[in-house]
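Enquirer: Going down the list, the sequences are from chains A and B. Just so you know, this note's numbering puts 58 at position 58 of the first sequence, and the rest follows in order with no gaps. Just so you know, this note's numbering puts 33 at position 33 of the second sequence, and the rest follows in order with no gaps.
Among the hints, erroneous ones may be present.
Not everything, but these chain A residues come out facing chain B in the computed CB check (under 8 angstroms) [to be verified]:
hint : residue
1    : 32
2    : 44
3    : 49
4    : 72
5    : 96
Every beta carbon over 10 angstroms from chain A, so not counted as near; a handful from chain B, in silico [said to hold, decoys possible]:
hint : residue
6    : 8
7    : 61
8    : 68
9    : 76
10   : 86
11   : 114
Straight-line Cα separation of at most 20 angstroms, EDC-like style, residue types lysine to aspartate or glutamate; simulated pairs [what the hints assert, rightly or not]:
hint : chain 1 : residue 1 : chain 2 : residue 2
12   : A       : 42        : B       : 88
13   : B       : 41        : A       : 3
14   : B       : 41        : A       : 39
15   : B       : 41        : A       : 84
16   : A       : 1         : B       : 59
17   : B       : 66        : B       : 87
18   : B       : 20        : B       : 105
19   : B       : 41        : B       : 88
20   : B       : 41        : B       : 87
21   : A       : 1         : A       : 94
22   : B       : 64        : B       : 87
23   : B       : 55        : A       : 95
24   : A       : 68        : A       : 39
25   : A       : 68        : A       : 3
26   : A       : 1         : A       : 84
27   : A       : 68        : A       : 27
28   : B       : 64        : B       : 88
29   : B       : 64        : B       : 22
30   : B       : 20        : B       : 52
31   : B       : 64        : B       : 52
32   : A       : 42        : B       : 22
No wet-lab data here; the hints were simulated from the structure. We put the beta carbon where it would ideally sit given N, CA and C, even for glycine.
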Amino acid sequence: KQEVTQIPAALSVPEGENLVLNCSFTDSAIYNLQWFRQDPGKGLTSLLLIQSSQREQTSGRLNASLDKSSGRSTLYIAASQPGDSATYLCAVGDDYKLSFGAGTTVTVRA
Amino acid sequence: GAVVSQHPSRVICKSGTSVKIECRSLDFQATTMFWYRQFPKQSLMLMATSNEGSKATYEQGVEKDKFLINHASLTLSTLTVTSAHPEDSSFYICSATRTGTGGSDGYTFGSGTRLTVV
Numbered sequence: 001k002q003e004v005t006q007i008p009a010a011l012s013v014p015e016g017e018n019l020v021l022n023c024s025f026t027d028s029a030i031y032n033l034q035w036f037r038q039d040p041g042k043g044l045t046s047l048l049l050i051q052s053s054q055r056e057q058t059s060g061r062l063n064a065s066l067d068k069s070s071g072r073s074t075l076y077i078a079a080s081q082p083g084d085s086a087t088y089l090c091a092v093g094d095d096y097k098l099s100f101g102a103g104t105t106v107t108v109r110a
Numbered sequence: 001g002a003v004v005s006q007h008p009s010r011v012i013c014k015s016g017t018s019v020k021i022e023c024r025s026l027d028f029q030a031t032t033m034f035w036y037r038q039f040p041k042q043s044l045m046l047m048a049t050s051n052e053g054s055k056a057t058y059e060q061g062v063e064k065d066k067f068l069i070n071h072a073s074l075t076l077s078t079l080t081v082t083s084a085h086p087e088d089s090s091f092y093i094c095s096a097t098r099t100g101t102g103g104s105d106g107y108t109f110g111s112g113t114r115l116t117v118v
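Bound conformation, chain A alone:
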């Protein structure tokens, strides 16, 4: 059974700092890995999707890397802004479904 772990569980930084969110998974036989953002009481917004054959994906200030062999992914958010405050979820696609980590709750202080 796939186990997904996200570290840290919570993170508070001043505006302008870069954010580094970590995700690890136990079974490397994955189809893809997807990072999501969730605001309180809302659904999930997809940030980046990395296929198993890819090493990284970038979108604006966001960059996500994938090292399948070691079971790790990292989400980098450059020059954080208060609007980046949210919970970030890592999800691994395998066995025809997604397995989620518990999330990292980020607070960016103005």
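Following the hints, position chain B against chain A.
Expert: Positioned in the frame of chain A, the structure of chain B alone reads:
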């Protein structure tokens, strides 16, 4: 991009009644849809996976007679919470994908439904 619409966003019902939640893929055909439940300050718990025209596959511990899932078309799946009780109060979120493995678009999520049973 892929869009999933979920309705209602909030619902309050009396104990013992049934509630239906709809999940629609607006601009793509979803061969597979998923239903999740989320408790406060916790991550998503997969309840069931449904493929169009087939019976849903429920995760261990999820009562299929209580949480009825129908995926009658490639754009619509419904979750019916039957004989709801206060312990069923939760945040329910659906997800849809073109293919079972996520494909090039990955998984798209609805905006969620806050169910409160009084």
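Enquirer: Each of the hints needs a verdict: does it hold here or not?
Expert: Results of checking the hints against the structure:
Given the 8 angstroms rule on beta carbons, the hint for residue 32 of chain A holds: about 5 angstroms separates it from the nearest Cβ of chain B. For residue 44 of chain A, the suggested interface contact is upheld, since its CB lies about 4 angstroms from the closest CB of chain B, less than 8 angstroms. Look at residue 49 of chain A: its Cβ gets to within about 4 angstroms of chain B, closer than 8 angstroms, so that hint holds up. For residue 72 of chain A, the interface hint is violated, the least distance from its beta-carbon to any beta-carbon of chain B being 18 angstroms, above 8 angstroms.
The beta carbon of residue 96 of chain A is positioned within 8 angstroms of a beta carbon in chain B (closest approach about 4 angstroms), and the interface hint is therefore held. Its beta-carbon lying about 13 angstroms from the closest one in chain A, residue 8 of chain B satisfies the requirement of being farther than 10 angstroms from that chain. Here residue 61 of chain B stays apart from chain A, with its beta-carbon at least about 14 angstroms from theirs, past the 10 angstroms limit. Distance check for residue 68 of chain B against chain A: the nearest CB is about 20 angstroms away, which clears 10 angstroms, and the non-interface claim stands.
At roughly 17 angstroms from the closest C-beta of chain A, the C-beta of residue 76 of chain B stays outside 10 angstroms, upholding its exclusion from the interface. Once the 10 angstroms rule is applied to beta carbons, residue 86 of chain B is consistent with being away from chain A; the minimum gap is 19 angstroms. Distance check on residue 114 of chain B: its Cβ comes as close as 7 angstroms (rounded) to a Cβ of chain A, failing to clear the 10 angstroms threshold; non-interface status is violated. Between residue 42 of chain A and residue 88 of chain B the alpha-carbon distance is near 18 angstroms, which keeps this suggested pair within the 20 angstroms criterion.
Among the hinted pairs, residue 41 of chain B with residue 3 of chain A is consistent with the structure: their alpha-carbon atoms are about 19 angstroms apart, no more than 20 angstroms. The suggested pairing of residue 41 of chain B with residue 39 of chain A holds, with an alpha-carbon distance near 11 angstroms, which does not exceed 20 angstroms. This hinted pair checks out: residue 41 of chain B and residue 84 of chain A have alpha carbons roughly 18 angstroms apart, not beyond 20 angstroms. As the CA atoms of residue 1 of chain A and residue 59 of chain B are separated by approximately 13 angstroms, the hinted pair is consistent with the 20 angstroms bound.
Between residue 66 of chain B and residue 87 of chain B the alpha-carbon distance is near 12 angstroms, which keeps this suggested pair within the 20 angstroms criterion. For a cut-off of 20 angstroms, the pair hint linking residue 20 of chain B to residue 105 of chain B is broken: about 27 angstroms separates their Cα positions. A C-alpha spacing of about 16 angstroms is found between residue 41 of chain B and residue 88 of chain B, which places the hinted pair at or below 20 angstroms, so the restraint holds. Of the pairs offered as hints, the one joining residue 41 of chain B and residue 87 of chain B holds, with about 16 angstroms between alpha carbons and a cut-off of 20 angstroms not exceeded.
For the suggested pair residue 1 of chain A and residue 94 of chain A, the alpha carbons sit about 10 angstroms apart, so the restraint of at most 20 angstroms is met. As the CA atoms of residue 64 of chain B and residue 87 of chain B are separated by approximately 16 angstroms, the hinted pair is consistent with the 20 angstroms bound. For the hint pairing residue 55 of chain B with residue 95 of chain A, the CA-to-CA distance comes to about 18 angstroms; that is within 20 angstroms, so the pair holds. A C-alpha spacing of about 28 angstroms is found between residue 68 of chain A and residue 39 of chain A, which places the hinted pair above 20 angstroms, so the restraint is violated.
Note on residue 68 of chain A and residue 3 of chain A: the hinted pairing holds, with a Cα-Cα distance of about 14 angstroms set against a maximum of 20 angstroms. For the proposed pair residue 1 of chain A and residue 84 of chain A, the alpha carbon gap of about 32 angstroms is over 20 angstroms, so the pair is violated. As the CA atoms of residue 68 of chain A and residue 27 of chain A are separated by approximately 9 angstroms, the hinted pair is consistent with the 20 angstroms bound. Distance hint between residue 64 of chain B and residue 88 of chain B is fulfilled; the C-alpha atoms sit about 14 angstroms from each other, no more than 20 angstroms.
With a CA separation close to 17 angstroms, the supplied pair residue 64 of chain B and residue 22 of chain B stays within the 20 angstroms bound. At most 20 angstroms may separate the alpha-carbon atoms for a hinted pair to count; residue 20 of chain B and residue 52 of chain B meet this at roughly 18 angstroms. For the hint linking residue 64 of chain B to residue 52 of chain B, the alpha-carbon distance of about 17 angstroms falls within 20 angstroms, and the restraint holds. Simply put, residue 42 of chain A and residue 22 of chain B have alpha-carbon atoms about 16 angstroms apart, close enough for the 20 angstroms limit, and the pair holds.
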